[in-house]
Amino acid sequence: MFGERTQFAWYSGTWFEYVYLSGRRVLAGFAIAAAVGVTLGLLIGWSSLVRDLVDPTVQLLRPIPMTAWLPFATFLFGIQDTAAVFLIAMGAFFPIVVNSAAGAERTPRVLIRAALMLGTKPNKLLYRVVLPSALPSIFTGLRLGMGIAWVLVIVSEMLAVRGGLGYALWSAYQFIRMDLIIASMISVGALGFLFDLLLQAIAHRLLRWSQGI
Amino acid sequence: MTEPTIRIACRNLSKSYFDLAEGKEIVAITNFSLDIYDREFVTVLGPSGCGKTTFLNIVAGFEQPSGGSITLDGRPIPGPGPDRGIVFQEYALFPWLTVEQNVAYGLLERGLPKEAVRKQVAHWLQLVGLSGFERRYPHELSGGMRQRVALIRVLANDPSILLMDEPFAAVDAQTRAVLQRELERLWSQTHKTVLFVTHSVEEAIFLGDRVVVMTARPGRVKDIILVDLPRPRDPTSNEFNAYRRHATRLIEDEVKGEDA
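For the protein sequence lines, the chains are A and B, in the order given.
Under the working numbering, the first residue of the first sequence carries the number 72, and numbering increases by one thereafter.
Under the working numbering, the first residue of the second sequence carries the number 1065, and numbering increases by one thereafter.
Simulated from the structure, these hints should not be mistaken for laboratory data.
Yeah, the Cβ is synthetic: ideal placement off N, Cα and C, and Gly gets one too.
Among these hints, one or two may not hold up.
Below are the DSS-like pairs computed for lysine-lysine, each with C-alpha atoms no more than 30 Å apart in a straight line [claimed, not checked]:
{"no.": "1", "chain 1": "B", "residue 1": "1178", "chain 2": "A", "residue 2": "192"}
{"no.": "2", "chain 1": "A", "residue 1": "195", "chain 2": "B", "residue 2": "1286"}
{"no.": "3", "chain 1": "B", "residue 1": "1088", "chain 2": "A", "residue 2": "195"}
{"no.": "4", "chain 1": "B", "residue 1": "1183", "chain 2": "A", "residue 2": "195"}
{"no.": "5", "chain 1": "B", "residue 1": "1088", "chain 2": "B", "residue 2": "1286"}
{"no.": "6", "chain 1": "B", "residue 1": "1256", "chain 2": "B", "residue 2": "1178"}
{"no.": "7", "chain 1": "B", "residue 1": "1286", "chain 2": "B", "residue 2": "1320"}
{"no.": "8", "chain 1": "B", "residue 1": "1183", "chain 2": "A", "residue 2": "192"}
{"no.": "9", "chain 1": "B", "residue 1": "1256", "chain 2": "A", "residue 2": "192"}
{"no.": "10", "chain 1": "B", "residue 1": "1088", "chain 2": "B", "residue 2": "1320"}
Chain A regions said to be covered by chain B (calculated; three or more residues, Cβ under 8 Å) [claimed, not checked]:
{"no.": "11", "region": "181-192"}
{"no.": "12", "region": "202-211"}
{"no.": "13", "region": "271-281"}
Same shape as in the complex, but just chain B (with noise of 0.2 Å):
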């Protein structure tokens, strides 16, 4: 087997930046380094304000750091592009635009022709469901719909990275593990890299290949976890759980820190 390519390379990597509503200076990374290999599945893994979201960010392109490098393909972040999907927590459809509009979004910006975006967006709404719900108003969806039109919005889009910011934080819980199957599903069929933010211990270990542990405020890297089962995951298996005993922990004690 070959060495695996290096898709997102990051050294040292800080951002801070000034708070009006704190009025001062918060440093939301520090020290912060990553590998993210090709094809790989990575859940960011952190208690809440860590800047987990601020690195997911820098990547897109829509913050720049302060300090130390991130490359991607060995250059330099360029601004926000369709190489890099994301698919945000709030959802962030246009709510001007029916289903299927949305889903054809970026098809339409990269110019393809009339009839073979047709032909994608039945497709994908097709591959998650959503067949029959091509000319309703995202407001007329569930959290759920929602959050799979966004999905495949960007997996329309064929982004070689998929960036999610806690896309299923804002869905009930039965919702949430159905969509989390159907992410590894499309991921398994599909095999682009991921980055995926997540406050959810369970969530992190059953979608990551390797999940990195975030410290608090500063964000560094505290762990790294190699989840070496296979899939689709049983959360309620005893391998599991040892994984999320030790996950839990380490988050833990980052609670517990800054608390103190």
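Next up, chain A with everything else stripped away, as it sits in the complex (with noise of 0.2 Å):
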């Protein structure tokens, strides 16, 4: 990766393996995260008695920022990947939850009444109207926690694993080549634009209902 540059070193053998290997680890972290995190939320929002179970520890982590658990990541699982995963699911998991239970909370009750009216089982109706009705909150969580993903994949990177985009960017940085800082920071940037952008597809063609309300 540092070796001497010539007219044809432009390219290292590098790069791809690192997008992948910080691309993955954000979407193993990312897909955690998302899969505790909704249905987590959803059950806060919608039931008062998960609520009072689990939303104070919630609140409680919350708190804590999510660079102060790298310590602890590292020394429960050691340097390796899944630190980093443990690292940015626990970032990404708390927009997630947090703004699914705001959008669980936020049905109209007359959409449950409807439901029910209709011939909806009460046992279905979270999946049936509570689901749906939270969707657009859903993606704004979704949408914050891959930010906080990106993050914290490069602070994982840079201290306690290796290898990945982040890994680059330190490595730069003690070699003093700004040339590949810029680069590492670039790339780092043009990713994470790339998954929001990915997101917000996805967004726009489940939530087509609701553009205009």
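Mind assembling these two chains? They're in different frames, but the hints should get you there.
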């Protein structure tokens, strides 16, 4: 990666590998955060019992800055992917769970009643009414979570795991290579942008009904 | 002719609840007694806040009465269910479903095969002139169209009782007149038992076999007007006006009484 620059060595062979490593960590952490965050958020917003049981814990953990979890994660999982994925999942989880809960809580009561009178069983309301009604709010949470995921993948790669764009960034700094620092920054920015675009495209398809309301 | 069957029977029904905004106990309805017969179109007319919606919500199974008794076909009212279709004032269409998905909702919940559902939906949409709007979302429709969808969404589900909570209050006067005629036409074809709540005197007389006039809060039955006019009724006729005058006076007494 830091070999002598020659006319032909414009590609050292690590960019794609590092993009893949970072992207994989982000996706793994984000997927866990989305699955747990949306499910738990809907339940918190829907059932006061779940809210009373879970919400205090969520609110207690939320003020701890995500970067402060890094030593904890590394101690627990060692210098490997799991530590980074754990950190990313933790960080993305909070905006997702909070926004999903808020969306579920705002489900219009009249829609719940409409579903019941059309024959929906009470145990299906969460899936039939609360989830679709909360979808715009859920996507707000997912986009925020994705942003945090990219912050955390860089932090954890700089400090805790090998490989990836954050690792390249830190290495470039240590070798005093401003060109590589900037190249890494641009790469991270572009990837974050691309992932957000992807989420927006999915949201656009799923939320066509809410445009213009 | 045989004695008409009683579908809904209320005896001294009452409902009170604690209002957080006003910080006190509110008696919404009290001493409310009424029988509703099979295939009858009953309109409930009353000043705003008189508890007519509360009564409807009790029949719907959304709220429990605080006292008295109410039965549906001789049994206590169960929770909300597809036997009592409700048309809400605020439409209450699922905004994430298209027009056809909204109409199909109840049919699919009942587990009907897809092909049968598709046919039913097309039939009902055509009946209210909404063919061609299948793929639209509710927010892309006018108020009148939304309320048509809400109405056929319920009718497609074939409930035996139709509960309507000021369904046409949010649409303009012309559309309201059209919707009233459509509702009357659909009712004369399907002959459901209809309980229709409104604050419009004209609407109550135009649609109702009987008009139940309620008192101001706490709501009781003040009077029941038997509307003996052939359908479809002509709101400009002298006979219609006589009913209107009578009902308006009853309501005015209530509004004045509350102000005093």
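Each hint tested on the structure:
About 20 Å separates the Cα atoms of residue 1178(B) and residue 192(A), which keeps this hinted pair within 30 Å; it holds. At most 30 Å may separate the alpha-carbon atoms for a hinted pair to count; residue 195(A) and residue 1286(B) exceed this at roughly 41 Å. For a cut-off of 30 Å, the pair hint linking residue 1088(B) to residue 195(A) is broken: about 35 Å separates their Cα positions. Straight-line distance between C-alpha atoms of residue 1183(B) and residue 195(A) comes to about 26 Å, which keeps the hinted pair within the 30 Å bound.
Taking the CA atoms of residue 1088(B) and residue 1286(B), the gap is near 25 Å; set against the 30 Å cutoff, the hint holds. With a CA separation close to 26 Å, the supplied pair residue 1256(B) and residue 1178(B) stays within the 30 Å bound. Pair hint residue 1286(B) plus residue 1320(B) holds up; C-alpha atoms about 15 Å apart against a cutoff of 30 Å. The straight-line distance between the Cα atoms of residue 1183(B) and residue 192(A) is roughly 24 Å, inside the 30 Å bound, and the hint therefore holds.
Under the criterion of a C-alpha separation no larger than 30 Å, the hint pairing residue 1256(B) with residue 192(A) is consistent with the structure, at around 24 Å. About 23 Å separates the Cα atoms of residue 1088(B) and residue 1320(B), which keeps this hinted pair within 30 Å; it holds. Requiring three or more residues with a Cβ within less than 8 Å of a Cβ of chain B, the coverage given for the region 181-192 of chain A holds, as 10 such residues are present. Coverage of the region 202-211 of chain A by chain B holds [criterion: at least 3 residues with CB-CB distance below 8 Å; count 3].
Look at the region 271-281 of chain A against chain B: 3 of its residues bring a Cβ nearer than 8 Å to a Cβ of that chain, three or more, so the hint holds.
Going down the numbered hints, you'll see the structure goes against 2 and 3, while the others check out.
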